[in-house]
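Participant: Construct all of the structure, not just a fragment, from the sequences and the given hints.
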Amino acid sequence: DAGVTQSPTHLIKTRGQQVTLRCSPISGHKSVSWYQQVLGQGPQFIFQYYEKEERGRGNFPDRFSARQFPNYSSELNVNALLLGDSALYLCASSVLGQGQNEQFFGPGTRLTVL
Amino acid sequence: QKEVEQDPGPLSVPEGAIVSLNCTYSNSAFQYFMWYRQYSRKGPELLMYTYSSGNKEDGRFTAQVDKSSKYISLFIRDSQPSDSATYLCAMRKTSYDKVIFGPGTSLSVIP
Chain F
28 DAGVTQSPTH
38 LIKTRGQQVT
48 LRCSPISGHK
58 SVSWYQQVLG
68 QGPQFIFQYY
78 EKEERGRGNF
88 PDRFSARQFP
98 NYSSELNVNA
108 LLLGDSALYL
118 CASSVLGQGQ
128 NEQFFGPGTR
138 LTVL
Chain D
2 QKEVEQDPGP
12 LSVPEGAIVS
22 LNCTYSNSAF
32 QYFMWYRQYS
42 RKGPELLMYT
52 YSSGNKEDGR
62 FTAQVDKSSK
72 YISLFIRDSQ
82 PSDSATYLCA
92 MRKTSYDKVI
102 FGPGTSLSVI
112 P
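Protein chains in written order, with the numbering used here: chain F, 28 to 141; chain D, 2 to 112.
Simulated from the structure, these hints should not be mistaken for laboratory data.
Possibly wrong hints are sitting among the right ones.
[To be verified] Examples of chain F residues lying across from chain D (beta carbon under 8 Å, computed):
(1) G85
(2) P88
(3) F131
(4) F132
Positions of the beta carbon are idealized from the N, C-alpha and C atoms, including for glycine.
Facilitator: Here is the structure:
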């Protein structure tokens with residue numbers, strides 16, 4: 028079975044630009060979460076979506092937004108990019124609604140803001 | 002005080018050694034505890050997932066949770082060079098809640 032997939036793998040943007048990151052969850056998983064991981068730190072929670080509804084939001088500015096589609100894939104949008112947005116953006120999927128809801132991560136999208 | 006603390010290392014051990022990785026946390030509401038392994042420039046890989054206090058073993062890995070001390074551990078027996086990675090502890094209040102990660106411990110296993 029395919030794991031969580033993310034695209035693109037790498038991205039270079041300049042300050043002020045906008046970026047869209049994409050995630051496809053594991054087949055059968057209905058929940059997607061987004062995390063930001065700055066070099067040398069653990070992932071920080073940004074959003075959780077379940078059945079196209081936002082279920083949780085971390086302490087990130089309104090420049091960050093996300094959505095989930097009927098096929099459970101998801102997009103993360105970041106507007107007005109800042110140098111500090113440079114990070115590895117991770118998507119995690121889980122079944123949710125059953126059992127312990129383990130989260131499985133994708134390989135991430137590495138965003139560099141110049 | 003951060004919610005989850007973890008010694009960042011780096012930790013360097015010889016092949017075959019027993020490795021002990023630890024995290025402390027401040028929020029007594031955490032009930033679910035996880036350990037992830039992250040290789041350089043890759044996404045985290047779930048190693049262990051435990052609920053409440055107690056031990057859980059899976060092959061060379063053993064996870065321990067002591068909720069009374071707010072302390073969790075991961076033990077790796079017979080460590081291998083392929084175990085060289087960053088180990089992230091993580092926890093959540095409910096099975097639906099966001100996951101809070103520690104900063105990670107970098108481990109190198111020397112052949």
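Participant: List, from low to high, the hint numbers that the structure doesn't satisfy.
Facilitator: Checked against the structure, the only hint that fails is number 2, while the rest are satisfied.
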